[in-house]
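In the order they appear, the protein sequences are chains A and B.
1 is the number of the first residue of the first sequence in this note's numbering; add one for each residue after it.
10001 is the number of the first residue of the second sequence in this note's numbering; add one for each residue after it.
One should not assume that every hint holds.
In the EDC-like style, the derived pairs of lysine to aspartate or glutamate whose C-alpha atoms are separated by at most 20 Å in a straight line are [as the list claims (entries may be wrong)]:
(1) B/Lys10183 / A/Asp608
(2) B/Lys10183 / A/Glu609
(3) A/Lys644 / A/Glu624
(4) B/Lys10093 / A/Asp726
(5) B/Lys10093 / A/Asp725
(6) B/Lys10183 / A/Asp267
(7) B/Lys10015 / A/Glu609
Don't read these hints as lab results, they were simulated from the structure.
Predicted model, so just to flag it, every value in this text is computed and none were measured.
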Amino acid sequence: MSTRLATGGRLIDRSHHVNFRFNGKTMRGHAGDTLASALLANGQTIMGRSFKYHRPRGVMTSGAEEPNALVNLGEGARLEPNQRATTTEVFDGLTARSQNHWPSLEWDIGEVNVLAARFLPAGFYYKTFIHPRPAWKHVFEPFIRQSAGLGQAPKTRDVDRYEHFYAHVDVVIAGGGIAGLQAALEAGRAGARVLLCEQTAHWGGRAPVDGVRIDGVPAEDWIKETVEALEKMDNVHLRPRCMVAGVYDHGYITAYERVADHAPGTDAPRHRLWRIRTGQVIAATGALERPLSFPGNDKPGVMLASAARDYVVNYGVSVGDRTVIVTNNDDAYRTALAIKAAGLDVPCIVDARPDADGPLVQEARALGIPVKTGMGIANVKGLRGVVSVQLCRQAGEGAVVENVVCDAVAMSGGWSPVVHLWSHCGGKLTWDADQAFFRPDHARPPTNQDGAGFVVCAGAADGALHAADTLRNASLMARKALEVCGKSAPDALVSQATAVAESPMAPIWVMPQGAGPAKRAKMWLDFQNDVKVSDVQLAAREGYESVEHTKRYTTLGMATDQGKLSNINGLAILAEALGEDIPRVGTTTFRPPYTPISMGAIGGEARDEIFQPLRRTPIHGWHEDNNAYWEPVGHWRRPYCFAKHGESHADAVAREINATRGSLGLLDASTLGKIIVKGPDAGRFMDMLYTNMMSSLKPGRCRYGLMCSENGFLSDDGVVARIDDDTFLCHTTTGGADRIHAHMEDWLQCEWWDWQVYTANVTEQWAQIAVVGPKARAVLEKLGSDLDLGNDALPFMAWAEGRIGGFDARVFRISFSGELSFEVAVPASQGRAFWDALHAAGAEFGATAYGTEALHVMRAEKGFIMIGDETDGTVIPQDLGLDWAISKKKDDYLGKRAQQRSHMTDPTRWKLVGLETLDGSVLPDGSYAIADGDNANGQRNVQGRVTSTYHSPTLNRGIAMGLVLHGPDRMGEILDFNTTKPVARGEAPGTVKARIVSPVFYDPEGEKQNV
Amino acid sequence: MSDIAVSALDGARAKGIVAVHEMGLQGMVSVRADLGEAQTARAIADVMGAAMPDPRRIAPGQGGAVAWMSPDELLILCPHAEAEAKAASLAEKLAGMHHLALNLSDARAMFEITGDEGALRDVLSKITPADLSAERLAPGEMRRTRLQQVPGALWFETPTSARIICFRSVAQYVFDLLAMAAKPGGEVGYH
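For reference, chain A alone in the conformation it holds in the complex (with noise of 0.2 Å):
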């Protein structure tokens, strides 16, 4: 069992205590406990179960690469699974539940998938569960999702708000023990700008546990001094609970800072995202601890040696009374003195190397503690928890000779450095075969847009294990950085680290190394995804030689924690399974994010009113004001009706068509796109953009025009006005607006760089209203005008500019509905105001706000095309009888040759026809006419398609346009077109007949317009 001893722990606050509960079980910690440690010093031992067979597990780890100890944090609105219990700081009213179990964690039905682990091996899922097919939907995935799995997905609403933060600086610092700290020294003294980031709330990393002294004092006052002096460096920022979460091109970082997880409800934003550019990134993250793979190394109780230490020394807490030592090299050797100078028991230090003689592993002789060499551990018993450990010799194949009564195991099979960062952009790796683990190889850096590596690894992270090293690299790799950034640092004295010396460590990666297969099915590699060392090896066997595919097929490193602690051991054995050397077989491959970060910290302040920008007309208020129905389209929101109370939006849109046709109506029109084109150049250019002829255009004249890719396509459409010789004003589709004017500027900045022609995008400096109907001149004339906006000055297809009201206005005589139309274009800062003058004016007309599916029908009564409905990217004007709107006097405009080529001018091309069913209903969207035969695939032949379709107020009946061969040859005829309706209950769906009509269904000679 594990408890809180009476004194010690150098990270805890003893005079300040918090209460939490865990599992519905109110507990106490200490301010500055981890959730982990709080867990220990409760006794609570058993802190979630495996992902596969359910076991009980126990924490692994003191740090971030836990695989074990996940917890569902937080309840209801503040709920996130699988939370480390080793990196969440304790608070008083935390709340946390273990994963992965039913009913209970104590007692799990799941764990029988233990006595069934030999069913379950490597590839389990794809062998077993492949027949009967429907099998796997209906049955095997639902079970396997209920059985596996890690926390649970939260229910309600994150009330917790997130943030990005923008930062620039010459050097990235990760890590902020002693090697980043003395990174940071030489950095600061260089006059570079340092962002230095700790993951955890505290500086130093291990030094202080481990015992090291810094120029003659402790590890402890030097860090101390140390941050103390990084602080008074402007140039220099700190900054704890911030993780360097990844490393991508051109420098670009991105640092996961958790604000308030250790206060959450303070108005602070929980975590923050620093998203930053630097020149260099030194990575000080230091090394992780391997696991030994022993039988039974995943029960509860058993944990890395350098956790066990962590626990005693930071947090005053016992992981056990008894704690046996199992190792291969002599750091483990300091976790036997800790536990022993807090008083506790080593019955002996399992040593699998055939000698041991180093300072350390002396100064534990001397304390009493038994050394075993050459002996390793042939089984652990015990459920669910440590009862006593059995020793076998390491060199056999696992006959107990000895049983030693113990609760904690501490193991370690030495560390592998942290090369995480190193390796997110493409730095490679070299195998230190002397101390068994890759390190970055300084001749393959990742490298920037210059072909320059910008990652060092500093200390442990670099390799420089031992205390004594770590510095004098740091200050090394700090100053390769810098140089490459063009700062240096004035020499200085680098600080003296000091600890004891260590004899080599021995590469162990089975324990026993005779192990057979009950023994090897027992030793767990990945504990998150319960894989195991016969895992590999049977993936070896079956002839996964590759690194990545076995991990693929076996799941080692795809848990949540990324195969921290397995990644080395797994390919050690796979290595070993093929008969190759580790570095031949290789590592899979390091991604972001180095740990897990939110989904709010990615997503930042977007979310709710701000997830996304919403453009907003000047008239936009109103339209909320009168309950519009809103459509999206692009990034701006218009009413796609205004529904009165009680009104069904079908009856709102015949209301407001009636109201326009029968007298006025008032149509926001200022999302459509306005661009202004100028210069010598530009009726050239606009005879370019356009199908049709524009630089004939005279001033004051409006003209429709179509623009088409150069790859013939339609593209967009609109009405240009010639406001003088130099200037035409180019309308657009709402989402045309930016789209087109790119594609003017694309032209005019990459191939017709010599033309003198100016564009601007005034979209927004206007708003503009249709004013629609028989009483749209009458409305306008008793506002007052200095215009004459009779017919005869101003004709259909004319503008004028001039005052209305009292307002700036241009007024185009233009109109997308057939009746009598008035487009006002006033400045965006009158807009609202021209719009309340317009129904004041208008209230004795009857004036009527329309929306836009009001004008999709009455463009629709009259034939016209809708970019986007009768166009899909793959339509040319003249499919849609748009020959007139082409120019044959021009030699050139963007589409024309395309136009030319076989397949845009072959006749069996689907063209525009107007349909109206027999039976006057409304045509099902997207619709196919049907023809005789079924095609190579056997499907139905079809001969045409619905582009869009509509129930007409006016007409009182179904109207549709739609694309059919040979189309406009074939009036009167009548066509099936599908539906998805079936004809009776459990019949196929049936097909609706329609006649092929003219699309003009509305005033077919234009008369309304033109009055």
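Based on these hints, arrange chain B on the given structure of chain A.
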């Protein structure tokens, strides 16, 4: 038209770590021309009493300022009521050379953000990827940049007062962004 003309947010305000204020109607004239031509410089001097700004600079002038926007574009800031006349006057003085002078006052919104120098730069650093350290963006320089999901321009009038220009249609978005970034509790302490 002052009685019927309103800016996008009609002078909205928010207060937090820093104060945010939509500045109401603001005159803006966009000028495109060859900035190296003497005629252009003369026109700017005549109409604004300002020297041609160097790249990325914003130069004070009579009743406003002239900002460099791109190698062939300037932005004139002036009282809203004068913008139309200034655009016409510039067009007149640039006659004979290829140019474009447009009153675009109503296409934009302008914000004033005030507060302690460090807090001001911290708040703005939450919404723009531009380098806002004092040595990289001092008063007198304008940055055209991104305000999270929309384009914008920003500069410091003084160390404790910044200006932001964005498009009118997204004024509410930018205001909400700024208000959120300035929310108490979000102090960063970086700048």
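Here's how the hints hold up against the structure:
{"no.": "1", "hint": "B/Lys10183 / A/Asp608", "in the structure": "16 Å, holds"}
{"no.": "2", "hint": "B/Lys10183 / A/Glu609", "in the structure": "15 Å, holds"}
{"no.": "3", "hint": "A/Lys644 / A/Glu624", "in the structure": "13 Å, holds"}
{"no.": "4", "hint": "B/Lys10093 / A/Asp726", "in the structure": "16 Å, holds"}
{"no.": "5", "hint": "B/Lys10093 / A/Asp725", "in the structure": "18 Å, holds"}
{"no.": "6", "hint": "B/Lys10183 / A/Asp267", "in the structure": "8 Å, holds"}
{"no.": "7", "hint": "B/Lys10015 / A/Glu609", "in the structure": "18 Å, holds"}
Every hint, counting from the list given before, is met by this structure.
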